[in-house]
Amino acid sequence: MISFYYILSFILVAVSVYHFIAAESPFKRLIAVNILGSAVFLFFLTTSKNTPSQNPDPVPHALVLTGIVVAVSATAVGIALILSLSKREKDES
Amino acid sequence: MLIEIASLTFTILGVFFLLAGSVGLIRLRDTYSRIHAITKADVLGFGFLVLGLMLSTRTLSEVLKLLLTWLLVVSYSSLVSYAIAHRKRKRDVA
Amino acid sequence: MLLDLMLGSLLLLSALLSLHSRNSLKSGIFFVVFGLLSGLLWVRLEAPDVAMVEIVLGSAVTSLLIFKLIATARIKAVKVHRIRKFWAGVISLAFLVYMIPYLLTLRKEQRIEVLVFEKLSMSGVESPVTAVLLNFRGYDTLLEVGVITLAVFGIIALNKGDKVYVWRDPLVQSLSRWILPMTVFFSFYVTYLGTFSVGGAFQGGSLLAGGLIFLSLTGQDVHIGESIKKSLLLLSLLVFCGVGLMYAVTGYGFLVYPLPLSTISIILIELSICLSTALLLYTAYRGKV
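Residue numbers (the working numbering), protein chains in the order written: chain A, 1 to 93; chain B, 1001 to 1094; chain C, 2001 to 2289.
Any given hint could be a false lead.
[To be verified] With a straight-line Cα cutoff of 25 Å, these simulated DSS-like cross-link-like pairs (lysine-lysine) come out: (1) C:K2229 to B:K1090; (2) A:K49 to C:K2108; (3) C:K2230 to A:K90; (4) C:K2119 to C:K2076; (5) C:K2163 to A:K87; (6) A:K90 to C:K2119; (7) C:K2108 to A:K87; (8) C:K2079 to A:K87; (9) C:K2108 to A:K90; (10) A:K90 to C:K2229; (11) B:K1088 to C:K2288; (12) C:K2163 to B:K1088; (13) B:K1090 to C:K2163; (14) B:K1088 to B:K1040.
Calculated directly from the structure, the hints in this document are not laboratory data.
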């Protein structure tokens, strides 16, 4: 079961890396980065469950928790950048 | 035993109505009928599901939490369908 | 097992649909689906703390930001060159091949959790995740709070008076006003729960942020002064640094809490993080203070 989650996270990373490089718009690139982040979180949480003990490891949980908040703020900055870029393009044309 | 059977029956009923609502959402043609499917069937299905879950809980606080969840989900789902219908009507008139 | 397989394949499907569809609105909607499914998956992986944050932030707030972008900016698609696509495919395939040996040598390993559960009684809280977050790895969280604050200041600096979509409908306005007190109550409850169970400052803060954003979607605002809002944005950074420095000066070390005072210090920091995170995310959505 654990290896299924590992394989899922690797496939998600591969797909989102492809779309990050070959994105046709900055918006698609933003979504690819977000999915890449989720794939990494999936990898971390799977690792936290891959222990012989009863409880999952809380350290990756805490790291993923902070990671999600940082990812959302990074997305917000990216969106602000795309918005100001499109506004500049509109002003120039 | 009797409570378990009742809980299971209500849960299965809830799942059935949720499934019917989802099928309606996919199969029906225009926006209004889709809203009709999703509001009627899903609210009913979710109500049965919460009822079934309530019967399987042990403490009163869990029952109250489920009740609160039901209230919030019902008010939000009706709000969302209201928003969709409002937008659709505005677009049709214009 | 079956549930895991179904959830996993649905997750992959929604990610693929979100990345492949040409229409940006469709892509955004599938991204919301992706966020919700991953929240369910975190529950399956026994990480309810992470699931709460993912549902509120990863799917709700991120998708609101994405829809704001779709509504205000015209997204231009550029034709991608074939060589670029080729190299992108090569890189992602190389990654997959590189990871095969990792999968084959996989086995269950003892991790650091033994140490965490051993030292839990010394942290001042009963929840292991909160103990790691605010005591054992307090530096990480302090820097994270710094990152969010910086990001929000960047957003305020970039904002040039963008119009935000609002829907001034009396029904929705009254519902949002009716629901906000409940959200405030619930977010503080979740923050308090973080000391001994599932919950915590970031979960509570993001819930509160969701309530505030819902209020602002209906064209309303919280009536507190701008200077108070600005100081609330910096509150968690100041409280965190202040508490850390206080113990550094008194001889314990930066962010090393003495045992009798650790619970009260952590609760103080958690409350400040809850308030600040909520206001920071709200400001990040609105683009201005």
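Evaluated hints:
1. For the suggested pair K2229 (chain C) and K1090 (chain B), the alpha carbons sit about 37 Å apart, so the restraint of at most 25 Å is broken.
2. The hinted pair formed by K49 (chain A) and K2108 (chain C) meets the criterion: a straight-line CA distance of about 9 Å does not exceed 25 Å.
3. Note on K2230 (chain C) and K90 (chain A): the hinted pairing is violated, with a Cα-Cα distance of about 32 Å set against a maximum of 25 Å.
4. The suggested pairing of K2119 (chain C) with K2076 (chain C) is violated, with an alpha-carbon distance near 54 Å, which exceeds 25 Å.
5. At most 25 Å may separate the alpha-carbon atoms for a hinted pair to count; K2163 (chain C) and K87 (chain A) meet this at roughly 12 Å.
6. Using a Cα cut-off of 25 Å, the hinted pair K90 (chain A) and K2119 (chain C) is violated, with the two alpha carbons roughly 58 Å apart.
7. Distance hint between K2108 (chain C) and K87 (chain A) is unfulfilled; the C-alpha atoms sit about 52 Å from each other, more than 25 Å.
8. Distance check on the hinted pair: K2079 (chain C) and K87 (chain A) sit about 21 Å apart at the alpha-carbon level, within 25 Å; holds.
9. Of the pairs offered as hints, the one joining K2108 (chain C) and K90 (chain A) is violated, with about 56 Å between alpha carbons and a cut-off of 25 Å exceeded.
10. Distance hint between K90 (chain A) and K2229 (chain C) is unfulfilled; the C-alpha atoms sit about 33 Å from each other, more than 25 Å.
11. Restraint check: the Cα-Cα separation between K1088 (chain B) and K2288 (chain C) comes to about 31 Å, which exceeds 25 Å; the hinted pair is violated.
12. Pair hint K2163 (chain C) plus K1088 (chain B) holds up; C-alpha atoms about 23 Å apart against a cutoff of 25 Å.
13. Distance hint between K1090 (chain B) and K2163 (chain C) is fulfilled; the C-alpha atoms sit about 21 Å from each other, no more than 25 Å.
14. Distance hint between K1088 (chain B) and K1040 (chain B) is fulfilled; the C-alpha atoms sit about 19 Å from each other, no more than 25 Å.
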